[in-house]
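Asks: Each chain is listed here by its residues.
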Amino acid sequence: ETGVTQTPRHLVMGMTNKKSLKCEQHLGHNAMYWYKQSAKKPLELMFVYSLEERVENNSVPSRFSPECPNSSHLFLHLHTLQPEDSALYLCASSQDGTNYGYTFGSGTRLTVV
Amino acid sequence: GENVEQHPSTLSVQEGDSAVIKCTYSDSASNYFPWYKQELGKGPQLIIDIRSNVGEKKDQRIAVTLNKTAKHFSLHITETQPEDSAVYFCAPIREGGTSYGKLTFGQGTILTVHP
Numbered sequence: 241e242t243g244v245t246q247t248p249r250h251l252v253m254g255m256t257n258k259k260s261l262k263c264e265q266h267l268g269h270n271a272m273y274w275y276k277q278s279a280k281k282p283l284e285l286m287f288v289y290s291l292e293e294r295v296e297n298n299s300v301p302s303r304f305s306p307e308c309p310n311s312s313h314l315f316l317h318l319h320t321l322q323p324e325d326s327a328l329y330l331c332a333s334s335q336d337g338t339n340y341g342y343t344f345g346s347g348t349r350l351t352v353v
Numbered sequence: 310g311e312n313v314e315q316h317p318s319t320l321s322v323q324e325g326d327s328a329v330i331k332c333t334y335s336d337s338a339s340n341y342f343p344w345y346k347q348e349l350g351k352g353p354q355l356i357i358d359i360r361s362n363v364g365e366k367k368d369q370r371i372a373v374t375l376n377k378t379a380k381h382f383s384l385h386i387t388e389t390q391p392e393d394s395a396v397y398f399c400a401p402i403r404e405g406g407t408s409y410g411k412l413t414f415g416q417g418t419i420l421t422v423h424p
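Going down the list, the sequences are from chains F and S. Quick note: the first sequence uses this note's numbering, first residue 241, plus one each step. Quick note: the second sequence uses this note's numbering, first residue 310, plus one each step.
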């Protein structure tokens, strides 16, 4: 375990479903991130939360909705997804929005059918 | 924004050989240069990093070298072992200001070490 825990590890959902991905960090960090990792593409930064405020939204479609209720928890709410949204979704955390102690979780493998 | 390129995209070596992966970046203001290793079923993990005031850093079998003038840095793995097989990513960044830890990753290099 890296100190960043993601659940579930695997998720299959239909295009009309609503689901949520959860991330929890036990490192005392105050910045958290969502990344998308698709086959044959670089890791893409989706959202950044610093001190529980969203400071970055990289032109992500509105069918992805993040939530950060406190500095230890981060959610990604999913609805009306498309098959091309199938990917590995990675959560990460760091201290003070820097690269110090930047730590990733193991990811959620999402398949949209 | 930062443009990052890694070469090669795949690398196959025999156990005990050395492996070198190169990362080229575009932002001359970048000052932090990490390498991440991603094993199957796991997220990327930081294995070594270097800052712009240093030209080389070594940690046992791995090392990173930086050429700021040419805007590239490289990962060196010596005496490779099968457990080094993974995908390696570089993610150069300019720390401070509004960077908020927003890493821009290279496309990755798949390293395979054959026993």
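By construction, these hints were calculated from the structure, which means they are not laboratory data. There could be a bad hint or two in this list.
Subject to a maximum C-alpha distance of 30 Å in a straight line, what follows is the list of computed BS3-like cross-link-like pairs (lysine-lysine) [unchecked claim]:
#1 Lys-281/F / Lys-351/S
#2 Lys-280/F / Lys-377/S
#3 Lys-262/F / Lys-377/S
#4 Lys-331/S / Lys-281/F
#5 Lys-259/F / Lys-280/F
#6 Lys-351/S / Lys-367/S
#7 Lys-411/S / Lys-281/F
#8 Lys-366/S / Lys-411/S
#9 Lys-411/S / Lys-258/F
#10 Lys-262/F / Lys-351/S
#11 Lys-331/S / Lys-366/S
#12 Lys-346/S / Lys-280/F
#13 Lys-259/F / Lys-411/S
#14 Lys-259/F / Lys-351/S
#15 Lys-411/S / Lys-331/S
#16 Lys-258/F / Lys-366/S
#17 Lys-281/F / Lys-259/F
#18 Lys-380/S / Lys-411/S
#19 Lys-377/S / Lys-411/S
#20 Lys-281/F / Lys-346/S
#21 Lys-331/S / Lys-367/S
#22 Lys-351/S / Lys-331/S
On the chain S side, residues computed to face chain F include the following (Cβ under 7 Å) [to be verified]:
#23 Gly-325
#24 Lys-351
#25 Lys-367
#26 Gln-369
#27 Phe-414
#28 Pro-424
Covered by chain S, per the in silico footprint, the following chain F stretches (three or more residues, Cβ under 8 Å) [what the hints assert, rightly or not]:
#29 252-259
#30 313-325
Using N, Cα and C, we set each Cβ at its ideal position, and we do this for glycine too.
Asks: For each hint, tell me whether it holds in the structure or not.
Replies: Tested hints:
no., hint, verdict
1, Lys-281/F / Lys-351/S, "holds (17 Å)"
2, Lys-280/F / Lys-377/S, "holds (28 Å)"
3, Lys-262/F / Lys-377/S, "violated (39 Å)"
4, Lys-331/S / Lys-281/F, "holds (18 Å)"
5, Lys-259/F / Lys-280/F, "holds (25 Å)"
6, Lys-351/S / Lys-367/S, "holds (24 Å)"
7, Lys-411/S / Lys-281/F, "holds (17 Å)"
8, Lys-366/S / Lys-411/S, "holds (23 Å)"
9, Lys-411/S / Lys-258/F, "holds (28 Å)"
10, Lys-262/F / Lys-351/S, "holds (16 Å)"
11, Lys-331/S / Lys-366/S, "holds (15 Å)"
12, Lys-346/S / Lys-280/F, "holds (16 Å)"
13, Lys-259/F / Lys-411/S, "holds (26 Å)"
14, Lys-259/F / Lys-351/S, "holds (22 Å)"
15, Lys-411/S / Lys-331/S, "holds (21 Å)"
16, Lys-258/F / Lys-366/S, "violated (47 Å)"
17, Lys-281/F / Lys-259/F, "holds (24 Å)"
18, Lys-380/S / Lys-411/S, "holds (19 Å)"
19, Lys-377/S / Lys-411/S, "holds (20 Å)"
20, Lys-281/F / Lys-346/S, "holds (16 Å)"
21, Lys-331/S / Lys-367/S, "holds (16 Å)"
22, Lys-351/S / Lys-331/S, "holds (23 Å)"
23, Gly-325, "violated (29 Å)"
24, Lys-351, "holds (5 Å)"
25, Lys-367, "violated (20 Å)"
26, Gln-369, "violated (20 Å)"
27, Phe-414, "holds (4 Å)"
28, Pro-424, "violated (26 Å)"
29, 252-259, "violated (count 0)"
30, 313-325, "violated (count 0)"
Of the hints listed earlier, those the structure fails to meet are numbers 3, 16, 23, 25, 26, 28, 29, 30, in rising order.
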